[in-house]
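Each chain, written out:
Protein chains: 4
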Amino acid sequence: MSILRDDVLAELEAQAIELPSWAFGNSGTRFKVFGTAGTPRDPYEKIADAAQVNRYTALAPTVALHIPWDKVPDYADLRRHAESLGVKLGTINSNTFQEDAYKFGSLTHEDPKVRRQAIDHHLECIDIMDETGSRDLKIWLADGSNYPGQADIRGRQDRLHESLQEIYARLGDEQRLVLEYKFFEPAFYHTDVPDWGTSYAQTAALGEKAMVCLDTGHHAPGTNIEFIVMQLLRLGKLGSFDFNSRFYADDDLIVGAADPYQLFRIVFEVIRGGGLNNPDVAFMLDQCHNVEDKIPGQIRSVLNVQEMTARALLVDHEALRAAQLSHDVLEANRVFMDAFQTDVRPALAEWRESRGLPADPMRAYLDSGYFERIADERVGGVQASWGA
Amino acid sequence: MSILRDDVLAELEAQAIELPSWAFGNSGTRFKVFGTAGTPRDPYEKIADAAQVNRYTALAPTVALHIPWDKVPDYADLRRHAESLGVKLGTINSNTFQEDAYKFGSLTHEDPKVRRQAIDHHLECIDIMDETGSRDLKIWLADGSNYPGQADIRGRQDRLHESLQEIYARLGDEQRLVLEYKFFEPAFYHTDVPDWGTSYAQTAALGEKAMVCLDTGHHAPGTNIEFIVMQLLRLGKLGSFDFNSRFYADDDLIVGAADPYQLFRIVFEVIRGGGLNNPDVAFMLDQCHNVEDKIPGQIRSVLNVQEMTARALLVDHEALRAAQLSHDVLEANRVFMDAFQTDVRPALAEWRESRGLPADPMRAYLDSGYFERIADERVGGVQASWGA
Amino acid sequence: MSILRDDVLAELEAQAIELPSWAFGNSGTRFKVFGTAGTPRDPYEKIADAAQVNRYTALAPTVALHIPWDKVPDYADLRRHAESLGVKLGTINSNTFQEDAYKFGSLTHEDPKVRRQAIDHHLECIDIMDETGSRDLKIWLADGSNYPGQADIRGRQDRLHESLQEIYARLGDEQRLVLEYKFFEPAFYHTDVPDWGTSYAQTAALGEKAMVCLDTGHHAPGTNIEFIVMQLLRLGKLGSFDFNSRFYADDDLIVGAADPYQLFRIVFEVIRGGGLNNPDVAFMLDQCHNVEDKIPGQIRSVLNVQEMTARALLVDHEALRAAQLSHDVLEANRVFMDAFQTDVRPALAEWRESRGLPADPMRAYLDSGYFERIADERVGGVQASWGA
Amino acid sequence: MSILRDDVLAELEAQAIELPSWAFGNSGTRFKVFGTAGTPRDPYEKIADAAQVNRYTALAPTVALHIPWDKVPDYADLRRHAESLGVKLGTINSNTFQEDAYKFGSLTHEDPKVRRQAIDHHLECIDIMDETGSRDLKIWLADGSNYPGQADIRGRQDRLHESLQEIYARLGDEQRLVLEYKFFEPAFYHTDVPDWGTSYAQTAALGEKAMVCLDTGHHAPGTNIEFIVMQLLRLGKLGSFDFNSRFYADDDLIVGAADPYQLFRIVFEVIRGGGLNNPDVAFMLDQCHNVEDKIPGQIRSVLNVQEMTARALLVDHEALRAAQLSHDVLEANRVFMDAFQTDVRPALAEWRESRGLPADPMRAYLDSGYFERIADERVGGVQASWGA
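Residue numbers (this note's numbering), protein chains in the order written: chain S, 1 to 388; chain P, 1001 to 1388; chain X, 2001 to 2388; chain B, 3001 to 3388.
Excised from the complex, chain S in its bound form (with noise of 0.2 angstroms):
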């Protein structure tokens, strides 16, 4: 009998992580973008590596687009190509990072021409979504300062309030807006945005059809992750997950890579705040596979998620509460630890077989051929980076 539970295959079983399109064109630091053979042009092959991804795992089933990056004349046609290949089109995310207008701020900016852009581009996003049926605008900023004095940072927030109002009001009564903070960069100083509490504050101002999103790798070095995850579901905002993980700074790393302890934490957390499989909460990945291949970066790391999700289905809870009781510290921790000890990989194979799906997805993707497919196909063009 396997170690997966009929409960824990329901849970893993309902699981789906939405992948980021971007993650599939070139990335790289401010030193060097290396490219790659195979790498998109456009956002019709971004789409198509995304469903390999879903091919080999069925767990994602929905690709993030970034606008402009994904702008695409015809987004029915877009959202066809995607259903044809057993995806759909999920969240879409704004990018007020990349035009000169935006040097010194977008929705926070001190000119009101340049926060009217900012807002303009935000309501074509969720023109867009009407047509993509997204339900998410994700919102993240790199609207900041790099030196103390240059910005009236009590201003900017108060700005950025304002800003935000005139785009939820455009929301439909379905559609919401996740708002996304982090620590710092490419602001060096302050950033405006920068912490959950921030974010949560914004948010709660704006309604309920506002929410945080939670990027693992955007905290102050020692941050303990969990807590937020529990504080924010216990506030009833936390909207989605920015999934990847991080040495140092914003690394944007394979989630699970860094880390491995940490997610399971992160997932336990979730499972304890009914954030699991709940849709409020979005599971999503944001990384960038700088030196990895892309399109096995991805497989890898929602086969990471998944993994840990059953090690954190596995937590004996009866057995843990009882420790947690009697503040009997380390048979609590080892009952906790034991479940991050398991080797679910098995079973989940195994699983993963009686469903019609590859043992070893990974394996699977990689003798498929497409690599070398893509790699002879995609010749000429522009390939497809943060820069386009």
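Because the hints were derived from the structure by calculation, they are not lab data. Only a predicted model underlies this, so the values are computations on that prediction, with no experimental measurement involved.
Residues on chain X that point at chain S, a partial pick, calculated with CB under 8 angstroms:
#	residue
1	2222
2	2259
3	2260
4	2329
A few chain X positions that, by computed beta-carbon distances, are all more than 10 angstroms from chain B:
#	residue
5	2030
6	2036
7	2061
8	2073
9	2084
10	2135
11	2174
12	2208
13	2209
14	2369
15	2374
16	2385
Ideal Cβ positions, reconstructed from N, Cα and C, are used throughout, including at glycine.
For this one, chain S is given, so just place chains P, X and B on it according to the hints.
Relative to chain S, chains P, X and B alone:
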């Protein structure tokens, strides 16, 4: 003519910084607490020492008490003692970290009996406030856990809310509760009030008489503290400061000693947000003089705050605003740093003398013979420290 | 057939982890040290407790002593006591942080009289080593300063060298000096041996019998510790480990409790660099069981090291090397993590039984009644702690 | 009489800070590089801009080049160009991070062909040094890995040594190699030269002409940089500084902008250790003016270093030493901070005028019309940036 304009001097004259009684007792690290000659043996002697700081600086008219460290049979008598020395009794600090019962929490504890004990302690603190005429009850909680799994962090958050509600209900009309947050220590995995967001969410759920206390040493590495100051002022929830400074963790060094420019930026945002000499925002010290003399350590601290306030008041707001609006980053930074780099010490010395105070309060204290006297007199008894 | 090959088992059989006598006494933070039933009152009782750990795990054949905490009139007698319980006396740890004389330094102090006292203490420690048969003198210095300007940090470095030279000269042919570094605490501005570079430069200047001690909790946030392990092994200067774990500062939690994957990576580099079961590289614990039971805390610790060693020994080096050489980042990471994710616990349990040890050492200890006995017997006297 | 004594002025007059040619080109983050009017298109224009900094400050007589960014057909011609503008060519910086070949390392690469390419690049740099008359070859390596297991970090260290040996062997008698270390970025798991200890060990293994380069932005959070300055000076291995400042990671902000007191402490230790105006210790800037104007950014930078040097030279060493010897912590800190808090700007302005320089170099530059001229003239072509 002084570089300090009359409006600046008016602000400086109104400035008041509360001293912590415990700063006059011995403190140290887990490795060693060094004793020193002249250390107070009881609250009366602590207040006498605190009064010395005010005598030479006119900056420290109130003294915060810590219960049970500063328990006395007759608070009216202690109050008269303080007033006879020219100071008043200030904030009451509760302590739920030194009883054996609190090993696994206090207001958040699983066991209702322990929560009862911790709540009752706070109710007793409010009784004391009634006698001392104190406005603020400051709550810093050591509650947390050391190992993942040890505690149900979500349940603890809910119990924290319930416990605080009962304490809050007991407050008089003119009394407040200020809830301090701390990144870590003494708990090493999770802390129940680890960040401003949690303190904000918890106090917002209580009501208007509950505010946040910001200790400048209680943040993750790299945190932009002045941003939090701005945000809490904007949200109307900045109740008080615990000033100190740090290079690494909660080092509790003299305020302004580790990064004077950071202190300048913090005070600048206080002014920008209307928090200077605003009765809603209390300035307090919370420091440990582990290796330096205690009374002079406190004198240096209040002078550091005064000097940085003077510098921050010198910022040319018109020039700064003009540079900000034209996005002249370097000019804005120059205007900002110009105030920071201005040596206000001679003008402050002159101004002190004009008010009948010593030009050099530190020198005046050192020359007064007070230390030699207490070192002689305070023989026998048990020197005050965190343990008593 | 076991997943643990014979060569792996041979390594595991040879593994030995030294226990710190002080882990069996009480410890805590500057806020509170909680006492616990059954805590040893003297070195004899500490060694008896340590022997329990070895009895159930066969992993901890030696016990490190701390002088003066473990001073006894007759070390030969203490040695016989230990040996009668199946363990030996190990490393001697000096202590120059709890005498009043050391408030401003010990081996680095400005005053030659204080340096004399500190050097003499180390010479006495070597005398004790001669009696206990210990090989290593471990030096961790609390020396440092709290405020810029307080100390002449260059002069202190030179004096450190001179003091160490005199101690080094006294070592017997088979004895060694290991110099531990620490990022901060109890000093909060500068520490005289803050990083591996300093410890390396100082020990290299002494000679071949001086080595570096790496405490896994003594680094800045984000430091890649396994890199330092690699480098010190490469330079032939890794003398010993002090194992523990941390989320924030020097939290001294159970090794492997905070980031098990980091422990895996460290052990992997130990193996890679020839440091496993190499007599030049001592494995020691240095932890504080502030809230958990002490003997089980040590049992958990040595089991954690054993389990991670087993996992690290499972890495398929051929496959890893092939992936590295072909720059297949994901495959290399997969091979590496595959070993980490393998659950070695059942195989270890079986192997233990085959050697006449309990399959579950923790369970066996808990069922033995030892704790209940010492809790009954050890009444009266002063419980051991850092103070005594 | 000036507060700046003659001996102080003599030191200040001798001070020279090397400018990086690349600071005059565009730079940014992975999110966006903003272009600016007047940006140089080639090395000749960069040097012309650098010469402006020296013209108004007399502080920046040399310009460092970056190869291949600053490759020209005729270095003798570039040298004459520089000298005609009153500056000299300085340090040559190699670049092994922008060729596709270096994706997985350069001097440390597994493939001997890639190592050959990287070594040859450095040999070419030394050829250029022969032509430009440069003394120093500065090596900063991006080499590292992003995922545990990806690389054999021990083997890389050995190959690094071998590669450096070959480069070292090619140095002329008056030439040096300075090896820079960096905590992280662009590699996000391990970096091959991550700390001063590694750079020290590697350069010590090469010989006397190999030194360490300390970039003030390349350390873990909380690192006491002045301690490293002290240690490297003591070990005779501090070859050069790359000055800049940071709040978070390698932010590359203007030196002295983030923490002026830290800059003061660093310069104080430079003076204490005999490193000021010592030809063995080169002062260089390495900054990115992402949002501020570039030439004024460099002017501000050299002035910040000059001002902090002046302040550090004002420390009353006798009083400081007396306070240190008597362990008067507060007095020692007061003497130290007294120098830091002294406003040297008026005295420096006066002194500049006495030397025929503008009292306010920034104002003089801004009023000169230079920027308007280059903004007009430099139309067309490709603006210099890290890419070219």
